[in-house]
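Student: Okay, here's what each chain looks like letter by letter:
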Amino acid sequence: MIRYLYVILLAISLSVSANSIEIYTFDNKQQEKVYHSLTQDLRCLVCQNQNIAESNAELAKDMRRKTYEMVKQDKSEKEISAFMVTRYGDFVLYRPPFEPMTWLLWFGPLIIFIVGILFVVRFMKSQKPDAQVDSLSEEEIERIKNLHAEQDKK
Amino acid sequence: MSETKPSMLRRFTPFIIFLIMASLLLYMMTLMNRGDYNPRDIPTELIAKPAPEFTLPDLINPEVMVSSSAMKGKTWLLNVWATWCRECWREHEYLVTLAEQKNITIIGLNWRDERTDARNMLRQLGNPFSQIAFDPNSEAVIDWGVYGAPETFLIDSEGIVRVKHKGALNEAVWQEKFARYFTGVTQ
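So the sequence lines, in the order shown, correspond to chains A and B. Start counting the first sequence at 0; every next residue gets the next number (numbering that gives the first Met the number 0). Start counting the second sequence at 0; every next residue gets the next number (numbering that gives the first Met the number 0).
It should be emphasised that the hints constitute simulated quantities derived from the structure, not laboratory data. Cβ atoms here follow ideal geometry from the backbone N, Cα and C, with glycine treated the same way. Warning: the hint list may mix true and false statements.
Derived Cβ-Cβ restraints for the label pairs, each shown as a range [as the list claims (entries may be wrong)]:
#1 A:A56 x B:R89: 18 to 24 Å
#2 B:E52 x A:L109: 42 to 48 Å
#3 A:V120 x B:E86: 49 to 55 Å
#4 A:E139 x B:L24: 48 to 54 Å
#5 B:T182 x A:E53: 44 to 50 Å
#6 B:G34 x A:I113: 33 to 39 Å
#7 B:L18 x A:Y3: 57 to 63 Å
#8 A:V119 x B:Y93: 52 to 58 Å
#9 A:A81 x B:R39: 21 to 27 Å
#10 A:V119 x B:G34: 38 to 44 Å
#11 A:I22 x B:Y93: 39 to 45 Å
#12 B:N60 x A:Q29: 40 to 46 Å
#13 B:N60 x A:P96: 43 to 49 Å
#14 A:G107 x B:P42: 16 to 22 Å
With a Cα cut of at most 30 Å, we get these calculated DSBU-like pairs of lysine-lysine [unchecked claim]:
#15 A:K74 x B:K48
#16 B:K165 x A:K77
#17 A:K77 x B:K48
#18 B:K48 x A:K71
#19 A:K60 x B:K163
#20 A:K77 x B:K163
#21 A:K60 x B:K165
#22 A:K60 x B:K48
Pulled a few chain B residues facing chain A out of the computed Cβ check, cut under 8 Å [unchecked claim]:
#23 R39
#24 I41
#25 P42
#26 E44
#27 R111
#28 S137
#29 I141
#30 D142
#31 G144
#32 Y146
#33 G147
Whenever a hint applies, use it, and build me the whole structure from the sequences.
Tutor: Right, dumping it as structure tokens:
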């Protein structure tokens, strides 16, 4: 029974992977490298949290094919990503270029982190005086001991 | 007593921050509901730029080529449609109205379809297009930065893209985005 289940699962997983990856042949290693690095870095426009290498969407397939065609024509990685950017904008890149428009995007997380740290530091500082009030001075401890001693005598 | 005021303010700070965040959320959601903002929209790079050229076989007469450069001197629409796109079925009637009543030149770009399916749809709903480029391999589609259907572009007489609308066309969208390019030209 379990063996059948394995066979079914294997069949499903095979059909899924066969679905998403077309078999492309390249003239040389360099072309293959360019193709893989590009499809990792280009964003699928209909399923925005995937790159086109991972996506099953039709548009991602079309973009893979377009990328493949251009790679086969020995276009460089830069040329191909520029081709996509002039058509779909910076959005198509998973790593947007570093320019004034995208500074907030690049520095945003860092800014939020620093603001968070500042808050924590301020919070900890405001806690300190209270903590000092709570702790007893040696004199006070002595007094408590005396009080206990007196009580014990009674 | 002089101490109460700042401490009151302090106590309410989180609440005020919450109110600001909540109203921001509400604002964005109303925009999205009205269709004025869609987080999945990708701004087009083509506005005010020359329309990308395409030469593709005609959907109905495959021997005839449909070419964007033949449209120079005219203000025209490029409408990306497909039989697998539901909104296109919904939009179609309005396209027929545009072509027949307002005399607008619409070139269709049929995307990733079977010829027979696409022809059947036109037979059922009417044909608003003066020509239809058949693009089963998304060649012109990628060149025009299209990522969904329907999408409609307006190209002016100098061959410059002036408007892109993502989603179905209707009278309201027409009046808001397209109508002003046609006043006194064809109507």
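Student: Evaluate each hint against the coordinates.
Tutor: Here is what the structure says about each hint:
Separated by about 22 Å at the C-beta atoms, A56 (chain A) and R89 (chain B) satisfy the suggested range of 18 to 24 Å. A hinted range of 42 to 48 Å for the beta carbons of E52 (chain B) and L109 (chain A) is consistent with their spacing of about 44 Å. One distance hint, 49 to 55 Å for the beta-carbon pair V120 (chain A) and E86 (chain B), holds here, with the actual separation near 53 Å. A hinted range of 48 to 54 Å holds for the C-beta pair E139 (chain A) and L24 (chain B), which are about 52 Å apart.
In this structure, T182 (chain B) and E53 (chain A) meet the distance hint of 44 to 50 Å, their C-beta atoms being roughly 47 Å apart. For G34 (chain B) and I113 (chain A), the hinted distance range of 33 to 39 Å is satisfied, since their beta carbons lie about 37 Å from each other. For L18 (chain B) and Y3 (chain A), the Cβ-Cβ distance of about 59 Å falls inside the hinted range of 57 to 63 Å, so the restraint holds. In this structure, V119 (chain A) and Y93 (chain B) meet the distance hint of 52 to 58 Å, their C-beta atoms being roughly 57 Å apart.
Between A81 (chain A) and R39 (chain B) the CB atoms are about 24 Å apart, so this pair conforms to the stated range of 21 to 27 Å. Between V119 (chain A) and G34 (chain B) the CB atoms are about 42 Å apart, so this pair conforms to the stated range of 38 to 44 Å. Judged by the Cβ atoms, the range 39 to 45 Å given for I22 (chain A) and Y93 (chain B) holds: they are separated by roughly 43 Å. Range check, N60 (chain B) to Q29 (chain A): Cβ separation about 43 Å, and the 40 to 46 Å hint holds.
Take N60 (chain B) and P96 (chain A): their Cβ atoms lie about 44 Å apart, and the range 43 to 49 Å holds. The given range of 16 to 22 Å is respected by G107 (chain A) and P42 (chain B), whose C-beta atoms sit roughly 19 Å from each other. Using a Cα cut-off of 30 Å, the hinted pair K74 (chain A) and K48 (chain B) holds, with the two alpha carbons roughly 24 Å apart. Proximity of K165 (chain B) to K77 (chain A) is assessed by CA-CA distance (about 29 Å); at most 30 Å being required, the pair is judged to hold.
Among the hinted pairs, K77 (chain A) with K48 (chain B) is consistent with the structure: their alpha-carbon atoms are about 22 Å apart, no more than 30 Å. Proposed proximity of K48 (chain B) and K71 (chain A) is supported: the alpha carbons are some 28 Å apart, at most 30 Å. A hinted pair counts as satisfied when its Cα atoms are at most 30 Å apart, and K60 (chain A) with K163 (chain B) qualifies at roughly 24 Å. The hinted pair formed by K77 (chain A) and K163 (chain B) meets the criterion: a straight-line CA distance of about 27 Å does not exceed 30 Å.
Between the alpha carbons of K60 (chain A) and K165 (chain B) the distance comes to roughly 21 Å, so the proposed pair stays at or under 30 Å and holds. Between K60 (chain A) and K48 (chain B) the alpha-carbon distance is near 27 Å, which keeps this suggested pair within the 30 Å criterion. Against a cut-off of 8 Å between C-beta atoms, the interface hint on R39 (chain B) holds, since the closest Cβ of chain A lies about 6 Å away. Taken as an interface hint, I41 (chain B) checks out: its beta carbon lies about 5 Å from the nearest beta carbon of chain A, inside 8 Å.
Because the beta carbon of P42 (chain B) sits about 6 Å from the nearest beta carbon in chain A, less than 8 Å, this interface hint is met. The criterion of a C-beta within 8 Å of any C-beta in chain A is met by E44 (chain B), whose closest approach is roughly 5 Å, and the hint holds. With a cut of 8 Å, the hint placing R111 (chain B) at the interface with chain A holds, because the nearest CB-to-CB distance is about 7 Å. Contact between S137 (chain B) and chain A, as hinted, is supported at the beta carbon level, the nearest pair being about 4 Å apart and thus within 8 Å.
Hint status for I141 (chain B): holds, given a least beta-carbon distance of 5 Å to chain A, under 8 Å. Checking D142 (chain B) against chain A: minimum C-beta separation of about 7 Å stays under 8 Å; hint holds. Among the interface hints, the one on G144 (chain B) holds; its C-beta lies about 4 Å from the nearest C-beta in chain A, closer than the 8 Å criterion. For Y146 (chain B), the suggested interface contact is upheld, since its CB lies about 4 Å from the closest CB of chain A, less than 8 Å.
With its C-beta approaching chain A no nearer than about 7 Å, G147 (chain B) sits inside the 8 Å limit, and its interface hint holds.
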